[in-house]
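Participant: Here is how the chains run, residue by residue.
Protein chains: 2
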Amino acid sequence: MRFRFSHVSIVVPDIEAAARTLGEKYGLRVGERMLNAEQGVRLAYVDLGNAKIELMEPSRPDSPVAKFLERNPRGGIHHFSLSVESIEQSTQVLGGKDVRILGSGKAQYNVAGERIAFIHPADFLGALVELEEHPANEAMRSQ
Amino acid sequence: MRFRFSHVSIVVPDIEAAARTLGEKYGLRVGERMLNAEQGVRLAYVDLGNAKIELMEPSRPDSPVAKFLERNPRGGIHHFSLSVESIEQSTQVLGGKDVRILGSGKAQYNVAGERIAFIHPADFLGALVELEEHPANEAMRSQ
Chain A
4 MRFRFSHVSI VVPDIEAAAR TLGEKYGLRV GERMLNAEQG VRLAYVDLGN AKIELMEPSR
64 PDSPVAKFLE RNPRGGIHHF SLSVESIEQS TQVLGGKDVR ILGSGKAQYN VAGERIAFIH
124 PADFLGALVE LEEHPANEAM RSQ
Chain B
4 MRFRFSHVSI VVPDIEAAAR TLGEKYGLRV GERMLNAEQG VRLAYVDLGN AKIELMEPSR
64 PDSPVAKFLE RNPRGGIHHF SLSVESIEQS TQVLGGKDVR ILGSGKAQYN VAGERIAFIH
124 PADFLGALVE LEEHPANEAM RSQ
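Here the protein sequences line up with chains A and B, keeping their order.
For the first sequence, the residue numbers in our numbering are 4 to 146.
For the second sequence, the residue numbers in our numbering are 4 to 146.
Chain A on its own, in the form it takes in the complex (with noise of 0.2 Å):
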């Protein structure tokens, strides 16, 4: 089991908003807008080169992100994703060690059809931590 770093992401309510904001303040250009909706979120990613910045907007009033942005209205930062080599193989391992995994413990995806699974905050310091599935972790990465 070998993490690396994929994304930290934020809550925004508004992400053409955001964009913008991004764009005219700091020059860093908001990818394409795309839809989870399974997860219930609009997205977008800033590529910094070695990591990215996730934008997410609630898609709909009962996303899990709607209740975030009620507790913190003007956004805030929300989880971070570590990439692993497998889910499958992670999250076994961690489930060996007491690390519970979000869910139903049915397989999630992210928009980029890549396998996604949450620890448990509890077992990360007080941190929600997004596994992703990067099967050529280190080769992609390493770039």
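A portion of the hints provided could be inaccurate.
[Unchecked claim] Mimicking PhoX-like on lysine-lysine, the simulated pairs with C-alpha atoms at most 20 Å apart in a straight line are:
1. K28(B) <-> K70(B)
2. K100(A) <-> K28(B)
3. K55(B) <-> K55(A)
4. K28(A) <-> K70(A)
5. K100(B) <-> K28(A)
[To be verified] Estimated spans, in silico, between C-beta atoms of each pair:
6. E19(A) <-> D101(B): 11 to 21 Å
7. R74(A) <-> G98(B): 42 to 52 Å
8. G99(B) <-> P138(A): 38 to 48 Å
[As the list claims (entries may be wrong)] Covered, in the sense of this in silico footprint (three residues per stretch, anywhere, with C-beta under 8 Å from a C-beta of chain B), are these stretches of chain A:
9. 4–11
10. 15–26
11. 29–36
12. 49–61
13. 78–91
14. 96–104
15. 117–126
Rather than coming from a laboratory, the hints here were simulated on the basis of the structure.
Don't be surprised by glycine CBs; every beta carbon is placed ideally from N, CA and C.
Given chain A's structure and the hints, the job is docking chain B onto it.
Facilitator: Same frame as chain A, but now just chain B:
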């Protein structure tokens, strides 16, 4: 002004307990503990190769991160950090775009002696973002 991802920072109530958790459950090695007396934090880093995870524990009761722990007793994600080639130039450019830099305006340093600055969360989508000066930004980070 070019940004690279440096680290995500987690505030923890006990850095030794946090290091044990990361080691035993995730096989992650936490580096040497350091003290930043000025910032009032004890720190350590997990190096993931392309980016780092920073652990911070308050080193005194009036530490800025002690308040964060009052609101989040078990810990949580506090900020993330982007590296820039020049703090001086970056804060000047950002100031010209109405991005507020926290603090007195006097130079701040991290434990590695690198110049740092914090952006007001209201000016970065609700996220607390640190800028770190890595003069050899490109060369260091692309390895």
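Participant: List in ascending order the numbers of the hints, as given earlier, that are violated by the structure.
Facilitator: 1, 4, 7
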